[in-house]
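**Student:** Each chain, letter by letter, is given below.
There are 2 protein chains.
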Amino acid sequence: MSLSEDELIARYFAPLAGAAGLALKDDVARLTPPPGRDLVLTVDALVAGVHFFAHDPPERIAAKGLRVNLSDLAAKGATPLGFLLALAMPPDVSPAWLEAFARGLGADARTYGCPLIGGDTVKTPGPLTLSITAFGSIAPGRMPVRTQARPGDLLYVSGTVGDAALGLALRRGATPTLSEPYRAHLLDRYLLPQPRLGLAAALRHAHAAMDVSDGLVGDLAKLLRASGVGGELDLRAAPFSDAARAWIAAEPDAIEIAATGGDDYEVLAAVPPDAALGFEAAAAQARIPVQAVGRVREGEGLNVLGLDGAPARFARGAYSHF
Amino acid sequence: MSLSEDELIARYFAPLAGAAGLALKDDVARLTPPPGRDLVLTVDALVAGVHFFAHDPPERIAAKGLRVNLSDLAAKGATPLGFLLALAMPPDVSPAWLEAFARGLGADARTYGCPLIGGDTVKTPGPLTLSITAFGSIAPGRMPVRTQARPGDLLYVSGTVGDAALGLALRRGATPTLSEPYRAHLLDRYLLPQPRLGLAAALRHAHAAMDVSDGLVGDLAKLLRASGVGGELDLRAAPFSDAARAWIAAEPDAIEIAATGGDDYEVLAAVPPDAALGFEAAAAQARIPVQAVGRVREGEGLNVLGLDGAPARFARGAYSHF
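Protein sequence lines, in the order shown, are assigned to chains S and B.
Those letters in the first sequence? Residues 1 to 322, per the working numbering, in order.
Those letters in the second sequence? Residues 1001 to 1322, per the working numbering, in order.
Don't read these hints as lab results, they were simulated from the structure.
Beta carbons are placed, not taken as given, at the ideal position from N, Cα and C, and that holds for glycine.
One should not assume that every hint holds.
Here chain B is said to cover these stretches of chain S; the calculated rule only asks that three of the stretch's residues, wherever they fall, bring their Cβ under 8 angstroms from a Cβ of chain B [to be verified]: (1) 38-48; (2) 84-96; (3) 144-152.
From the derived model, a few chain B residues whose C-beta atoms are all more than 10 angstroms from chain S [what the hints assert, rightly or not]: (4) Ala1045; (5) Tyr1112; (6) Ala1169; (7) Arg1172; (8) Pro1176; (9) Ser1179; (10) Arg1183; (11) Leu1191; (12) Ala1226; (13) Asp1234; (14) Ala1276; (15) Ala1310; (16) Ala1312.
Could you build all of it, start to finish, from the sequences and the hints given here?
**Tutor:** Dropping the structure here:
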């Protein structure tokens, strides 16, 4: 790459800039926050070889970088406002790679109404690293924080869980007997998270919520610990996809990957029983499936019931990218 | 490091968290923006071996990471509100390193009233990389953007310029005849930028402003280009420190390092002549030296006059970390 930083920004990123980004001609973004709303801010860093494969399509890397942040906003019921990108590039990044990366980023920015408003591009002798800061707005006092789950709350999860971790296992060479469409489904779920921004109305009914980035079992244990409560998870109720079920039927141990593996980016919510109907109705209106998978109780610790209804123990509690 | 990410955050970073950071127990920060103010957002990434030396004291690396962002806020006259940290750590990061890094970050967060409110920590097989997103607030419509310099404006710069680039040259083995206090001054200026947040009142008088991160000559050329104007810079008026002057007196070519080298983090401002007195008075009240070094004119391009009053040409226009 012989482009200067300014040329690179002008060519690839300025076309994506929202109004607050000042055409990326400045070092800063200027934003007039929506009056009377709170702001929600989140940052996630992704490193090639750690959080994605360096040779994944650049459009997908860009999309994943943005979507894991949008998923954090989604879990809080926030409306996206924009994002900033810090991109550390190794010397072998080509113009074609950058063009595809910017195209993927721009497509998702439009899809989710979350424009690029600023950033920084630097050289690195290490792996490609992207760090995205996304921010959104929310009605004051309405954000379901992680620490407010209460005994009696029902535990809900959106979509399906375990697919991305099974997809990653495929990437790493696992060889289950699985149809091609099932394989494709799992691989796609690893590569491309679906941020559940449509759950915003439903989450007004929740005491606590977070996105499932490090696996259902581990993230639920985190939510309970942060709230100072215990709980039960019944994997017989967990929403596994047909593809995941087929794999688990052929290899029962795969339940451990599905229950504890990361990268789902679904939403986990603790909802008081008298608000369960409102939560489910709002999710249904948004056409996002949600499933009650457990319950909060007093005390501490997470008890997991396996597919046979007996207490299950897994070697690893939470998937950790760290 | 055998700590989990959650343990690491709880031990080293949660003690630094501002109220908006929700004790870092959540994936997001929640901020109520100051009513009636605009937000200013900026992000800067720093890579070990590119933007700092990997073996620099961790407190200083943390402080530099925060201060280069605060410098962007300062150049817009913004009041800091908080920051998010994304930290990619190689395997050899030790608890002692992290403790010192967090200590340095916390000290500066207090000094500048800019609390940590969120972040992400990840592993990397590459060099230590930190990406900080800082945000502040400003009165609506008052931000001096880079694109609004107008013919006739006086060009001001704060503090002294060139010290950091000369300090970096020392780190890289340059051997000028310089007293020990002068050497120490230059080295310190490289290691530890001083964000000029005190210039906020003065900058209300400016048409355009930016911080000088890539060298006086190059950044001024950028500001003029972004504004669609030309200008003159007279290096006889440039604020060089006694240490820089001593070096330049001994080795006249060092003027090129001082005039084009990066990492000053001073503020460059284009001020209309009838506001010059107000600008200078407000800077004086903040006890921040400012110096008129040139003038904006119609047309394009930057003409530089050297210390001898004759047109100067430098091999490199702008220092680029990129």
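**Student:** Just want to verify: alanine 1310 of chain B was marked as not at the interface with chain S; is every Cβ pair farther apart than 10 angstroms?
**Tutor:** holds, 28 angstroms
**Student:** Once the closest CB in chain S is found, is it more than 10 angstroms from leucine 1191 of chain B?
**Tutor:** Its Cβ never comes within 10 angstroms of chain S, the nearest being 19 angstroms, so this holds.
**Student:** Can we trust that alanine 1312 of chain B is non-interface, i.e. its beta-carbon lies farther than 10 angstroms from all of chain S?
**Tutor:** holds, 22 angstroms
**Student:** Counting residues of the region 144-152 of chain S whose CB is closer than 8 angstroms to a CB in chain B, do you get three or more?
**Tutor:** holds (count 3)
**Student:** Over 10 angstroms to the closest beta carbon of chain S is the bar; see if alanine 1276 of chain B clears it.
**Tutor:** Holds, since 23 angstroms exceeds 10 angstroms.
**Student:** Is the nearest CB of chain S more than 10 angstroms from the CB of arginine 1172 of chain B?
**Tutor:** holds, 17 angstroms
**Student:** Verify this label for me: alanine 1045 of chain B is non-interface relative to chain S, using a Cβ-Cβ cutoff of 10 angstroms.
**Tutor:** violated, 4 angstroms
**Student:** For the region 84-96 of chain S, do three or more residues have a beta carbon lying closer than 8 angstroms to a beta carbon of chain B?
**Tutor:** Three-residue rule met by the region 84-96 of chain S, so holds; n is 5.
**Student:** Non-interface claim for aspartate 1234 of chain B: all C-beta distances to chain S beyond 10 angstroms?
**Tutor:** holds, 25 angstroms
**Student:** Just want to verify: alanine 1169 of chain B was marked as not at the interface with chain S; is every Cβ pair farther apart than 10 angstroms?
**Tutor:** holds, 20 angstroms
**Student:** With a C-beta cutoff of 8 angstroms, work out whether three or more residues of the region 38-48 of chain S approach chain B closely enough for the coverage to hold.
**Tutor:** Result for this restraint: holds, n = 10.
**Student:** Say whether it holds or is violated: proline 1176 of chain B keeps its Cβ farther than 10 angstroms from all Cβ of chain S.
**Tutor:** holds, 28 angstroms
In this structure, the earlier hints numbered 4 and 12 are contradicted, and the remaining ones agree with it.
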